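Novice: These are the residues of each chain, in order.
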Amino acid sequence: MNKPQIVRHGEVILKPSKLPTGAVLKAENKKYIVAHSETGHHHTLESTKDFKVYSWNGETYIELPEMGNLLHEKTGKDVHTPHKIAPSVYKVVIKKHYDYFAKKMSQVRD
Amino acid sequence: MIKKLTQEQELKIPEYIEKYVAKGSEPIDRSNLRELSKTIWGEEKIVIVGESIQNTIDLIKFATNGAKIERKGSQLDSQLYSQLHSQLSSQLYSQLHSQLISQLDSQLGSQLEKENLSYDFYDTTWWIVWLGFYQYAKYIGVKFTEETLDLFERILGSFAINIFVGNVVFICERPQVLWDNGMLSNDQKPAISWKDGTGFYYLDGVHFEKETWEKVVSQKMTFKEIMAIEIADQRTVALKYNPLALINENATLVHKDDRNNELYLIEGKEINTDLGEPQMYFLKMLCPTGRVFIEGVPPEEAKKNPNATDMQALLCGLTPSEYYSMKMES
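Sequence order for the protein chains is A and B. So for the first sequence, numbering that gives the first Met the number 0 puts the first residue at 0; every next one is plus one. So for the second sequence, numbering that gives the first Met the number 0 puts the first residue at 0; every next one is plus one.
Hints in this document: simulated from the structure, not taken from any laboratory. A portion of the hints provided could be inaccurate.
[Stated by the list, open to error] With a Cα cut of at most 25 Å, we get these calculated SDA-like pairs of lysine to any residue: (1) A/K95 / B/Y138; (2) B/K303 / A/F100; (3) B/K18 / B/N180; (4) B/K326 / B/M284; (5) A/K103 / B/K268; (6) A/K90 / B/Y323; (7) A/K102 / B/P297; (8) A/K95 / B/E266; (9) B/K283 / B/D256; (10) B/K18 / A/K2; (11) B/K303 / A/V107; (12) A/K83 / B/P287; (13) A/K103 / B/Y138; (14) A/K103 / B/H254; (15) A/K95 / B/K283; (16) A/K25 / B/Y138; (17) A/K102 / B/Y323; (18) A/K102 / B/H206; (19) A/K102 / B/Y138; (20) A/K90 / B/M325; (21) A/K83 / B/G316; (22) B/K326 / A/V107; (23) A/K51 / A/L24; (24) A/K2 / A/P15; (25) B/K326 / A/T59; (26) B/K326 / A/A85; (27) A/K102 / B/K18; (28) B/K283 / A/D98; (29) A/K83 / B/K268; (30) B/K326 / A/F100; (31) A/K95 / B/L285; (32) A/K17 / B/S320; (33) A/K25 / B/N180; (34) A/K17 / B/P319; (35) B/K283 / A/A85.
Values in this document were obtained by computation on a predicted structure and should not be read as measured data.
Make the full structure from the sequences, and use the hints.
Specialist: Following this line, the structure appears as structure tokens:
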């Protein structure tokens, strides 16, 4: 799988995108937690080469120069299977749901 | 006179809130307890640290042989002050005081009462709100007597929840605290816990006895079981954590697709009246991990387009065509 495409990993969606003008570099590493989990079951992106994480207008973008792996840091049951991620720029989207109790859209938490 | 915050200073406020909320669950510094007790009370006290509320109460009972304990008597512009109060202190107050301190005090108070102990206790967590305020004020240029501010911070860092028994001060270690959106909440373990394994269970800021909490987080409660919970706040949270109960007993299937998405509508039921929502739409979906998830769908969107696939795409932040074309899903 070398062609960038939309990937869904639980509540995390990586969407091939263009890096917005004015995006601010906030991290550069070989590993990045794409979605934090209260219980430590993070969704992480890993690569053998450093990749850049940008912030723009409250959104996160990842510039991945080499193949990466999208992983679920969990053992046992209910683990999301890993995905190979093709080099590209991705917009990170966290799935939402409508909370009828709070009467607003909220991010889904795993 | 400082009259206005710079943009940079204003942007720092959330950082201070996060830092001082976290202080409310930092382990106490036990290295200078006796020396600090002399500074506070003018005489050195015997200081005994309990590892949890339960452990502290057990230590008191052991030390007093169950005897009853006697209760002892015991530079900013005003507009900016209001702004800081509403943006910084009130948020710290709302999280630390309304949630953590009130819960700790209520749990400690009720446990001491249950043990039939007359008591006099003081929880310094409240003062962390002020410490956060003072430290932010210092950051924006307000002058403090460094020595006094430092002593204040050291006292708060060492004397957490203090129970006075004659000349002895029992200190309860600060708990580990799990927050979710500013509320005490965790569906895996007690949101307030100590290293000795004791703790208190919360979901969305609502306290549960362990047995009820276990039922709620099992996500296997029936609608009837949920409605039988007497405390309204607990019932509301249980409904949220057991949405399948609603689907099983109340909902009408509106649309289903070939990607395991089902759109349900609930209307004309008690829950609609309770939440003031005449029509409530939910997506039921089978996750590739095998779990069934239920997620709320914005009612206005679902009314316009009662299509399970399109609503799933909406929740995923994708267009319907992007969602249809997505092949990598787990």
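Novice: Indicate, hint by hint, whether the structure satisfies it.
Specialist: Results for each hint:
Between A/K95 and B/Y138 the CA atoms are separated by roughly 37 Å; this puts the pair beyond 25 Å, and the hint is violated. The hinted pair formed by B/K303 and A/F100 meets the criterion: a straight-line CA distance of about 21 Å does not exceed 25 Å. Simply put, B/K18 and B/N180 have alpha-carbon atoms about 15 Å apart, close enough for the 25 Å limit, and the pair holds. In summary, the hint linking B/K326 to B/M284 is supported, as the alpha carbons are separated by about 17 Å, within the 25 Å threshold.
Restraint check: the Cα-Cα separation between A/K103 and B/K268 comes to about 21 Å, which is no more than 25 Å; the hinted pair holds. With a C-alpha separation of about 18 Å, the suggested pair A/K90 and B/Y323 falls inside the 25 Å cut-off, and the hint holds. The suggested pairing of A/K102 with B/P297 holds, with an alpha-carbon distance near 9 Å, which does not exceed 25 Å. Annotation: proposed proximity of A/K95 to B/E266 holds, straight-line Cα distance about 23 Å (limit 25 Å).
Distance check on the hinted pair: B/K283 and B/D256 sit about 11 Å apart at the alpha-carbon level, within 25 Å; holds. For the proposed pair B/K18 and A/K2, the alpha carbon gap of about 42 Å is over 25 Å, so the pair is violated. Using a Cα cut-off of 25 Å, the hinted pair B/K303 and A/V107 holds, with the two alpha carbons roughly 23 Å apart. About 17 Å separates the Cα atoms of A/K83 and B/P287, which keeps this hinted pair within 25 Å; it holds.
Our distance criterion of 25 Å between C-alpha atoms is broken by A/K103 and B/Y138, whose separation comes to about 35 Å. Taking the CA atoms of A/K103 and B/H254, the gap is near 23 Å; set against the 25 Å cutoff, the hint holds. Distance restraint check for A/K95 and B/K283: the Cα-Cα separation of roughly 14 Å lies within the 25 Å cut-off, and the hinted pair is therefore satisfied. With a CA separation close to 24 Å, the supplied pair A/K25 and B/Y138 stays within the 25 Å bound.
Restraint check: the Cα-Cα separation between A/K102 and B/Y323 comes to about 28 Å, which exceeds 25 Å; the hinted pair is violated. Distance restraint check for A/K102 and B/H206: the Cα-Cα separation of roughly 22 Å lies within the 25 Å cut-off, and the hinted pair is therefore satisfied. Distance restraint check for A/K102 and B/Y138: the Cα-Cα separation of roughly 37 Å exceeds the 25 Å cut-off, and the hinted pair is therefore not satisfied. Restraint check: the Cα-Cα separation between A/K90 and B/M325 comes to about 15 Å, which is no more than 25 Å; the hinted pair holds.
Under the criterion of a C-alpha separation no larger than 25 Å, the hint pairing A/K83 with B/G316 is consistent with the structure, at around 21 Å. The suggested pairing of B/K326 with A/V107 holds, with an alpha-carbon distance near 21 Å, which does not exceed 25 Å. Between A/K51 and A/L24 the CA atoms are separated by roughly 7 Å; this keeps the pair inside 25 Å, and the hint holds. The straight-line distance between the Cα atoms of A/K2 and A/P15 is roughly 10 Å, inside the 25 Å bound, and the hint therefore holds.
Restraint check: the Cα-Cα separation between B/K326 and A/T59 comes to about 22 Å, which is no more than 25 Å; the hinted pair holds. Only pairs whose Cα atoms come within 25 Å are accepted, and B/K326 paired with A/A85 is accepted, the gap being roughly 14 Å. Between A/K102 and B/K18, the direct Cα distance comes to roughly 29 Å. Violation of the 25 Å bound is thereby established for this hinted pair. Under the criterion of a C-alpha separation no larger than 25 Å, the hint pairing B/K283 with A/D98 is consistent with the structure, at around 14 Å.
Taking the CA atoms of A/K83 and B/K268, the gap is near 46 Å; set against the 25 Å cutoff, the hint is violated. Restraint check for B/K326 and A/F100: the C-alpha separation of about 33 Å exceeds 25 Å, so the hint is violated. Annotation: proposed proximity of A/K95 to B/L285 holds, straight-line Cα distance about 16 Å (limit 25 Å). With a C-alpha separation of about 19 Å, the suggested pairing of A/K17 with B/S320 holds against the 25 Å cut-off.
For the hint pairing A/K25 with B/N180, the CA-to-CA distance comes to about 23 Å; that is within 25 Å, so the pair holds. For the proposed pair A/K17 and B/P319, the alpha carbon gap of about 20 Å is at most 25 Å, so the pair holds. For the given pair, B/K283 sits about 31 Å from A/A85 by alpha-carbon distance, which is inconsistent with the 25 Å threshold.
Checked against the numbered hints given earlier, the structure breaks hints 1, 10, 13, 17, 19, 27, 29, 30 and 35 and satisfies all the rest.
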